[in-house]
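Numbering of the sequence shown is given in this note's numbering, commencing with residue -11 and proceeding in unit increments.
Calculated directly from the structure, the hints in this document are not laboratory data.
Among these hints, one or two may not hold up.
Claimed, not checked - In silico DSS-like links for lysine-lysine, alpha-carbon gap of 27 Å or less:
no., residue 1, residue 2
1, Lys204, Lys24
2, Lys204, Lys43
3, Lys236, Lys76
4, Lys43, Lys173
5, Lys258, Lys24
6, Lys54, Lys204
7, Lys76, Lys182
8, Lys204, Lys182
9, Lys24, Lys54
10, Lys24, Lys76
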Amino acid sequence: MLTQEQISAYNEDGYVKIEGLFTPDEVEELGSEMIKIIGDWGEETIGWRGPWREKYLAEDEQQATKAVLMHNPHFYSATWGHVMFNEKLVGCVQDLIGSSVQWHHTVLHAKPPERGTPFPMHQDYPFYPHDGLDFVDCLLHLDDTPLESGSLCVVPGSHKDGGLEHIMGPDTAPHLPTDVYHPDKVESIPIPAKAGDVIFFSYCTIHWSNVNRTDKWRRSVRFGYHDSAMRPVGRYEDKVESIPIPAKAGDVIFFSYCTIHWSNVNRTDKWRRSVRFGYHDSAMRPVGRYEDDPYRIDPNNVLEGNTNTIVSGYKTNSEAN
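Using the sequences plus the hints, can you model the full thing?
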């Protein structure tokens, strides 16, 4: 897919732009689906919060920018579910980091016209740190993205420094310290793009983007892939092992309500329908929460039961009620 020159550019600069990787017809289909997704499910916000806004925006703009940010659009559209397996997209990633590739995430970054939010200088590494460097972000453009629309800007070669310490906390998105890393202090280059272009960049490449000041949307979708041998770090001391339980129609899985369980995305072209029934010993009673902490269960706060439908044992349903 990629030439040796393009691969070398990625290794040296931390990014490479591939023009027209997606055809106009593909972009039209994906863009139409994205319009539906944004209309049905999107929520407009000011974008990333944090003290960095004081350094990137005029005072009257700091709380007035707009953004629509959505994780995993394939939850809402089968069309977008196919993109993460796109042979052209995955083939380019394989050329950059090797043949064994694992998808990690998909995120929509949509900047509305006139005041589409900027993003401060940052790496993507602190958002999903892993134990290696072979992690590629792929920015697919659904719209023509000139400089004035807030195109991606990168610091060439910055990926060679590895993961850097970011400003983090409950009231801010991760970003690099503005007294050191700011467009006025660190040289970066803009990467204007056309609809269908894809920019591949390392998750350690420092990047940012400015306000969209045009009268058109700036929509791009980022896909993250990494070497399948890499593992996430910094989240849990020990990995929690779980086992999948495939089932046939008619099978029933019985499990305790204290059993930890989860399920992944349905990536097939068929429905996955299941119905859960809950039963308990008829002597058990529901319990409530602590009066001073509604988020903690108080096992001594026994409540009156109001759904006592006893299906076996010495009481009838009428006696139970």
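We went through each hint and held it up to the structure:
| no. | hint | verdict |
| --- | --- | --- |
| 1 | Lys204 - Lys24 | holds (17 Å) |
| 2 | Lys204 - Lys43 | holds (25 Å) |
| 3 | Lys236 - Lys76 | violated (35 Å) |
| 4 | Lys43 - Lys173 | holds (12 Å) |
| 5 | Lys258 - Lys24 | holds (21 Å) |
| 6 | Lys54 - Lys204 | holds (13 Å) |
| 7 | Lys76 - Lys182 | holds (17 Å) |
| 8 | Lys204 - Lys182 | holds (14 Å) |
| 9 | Lys24 - Lys54 | holds (19 Å) |
| 10 | Lys24 - Lys76 | holds (25 Å) |
Taken one by one, the earlier hints fail for this structure only at number 3.
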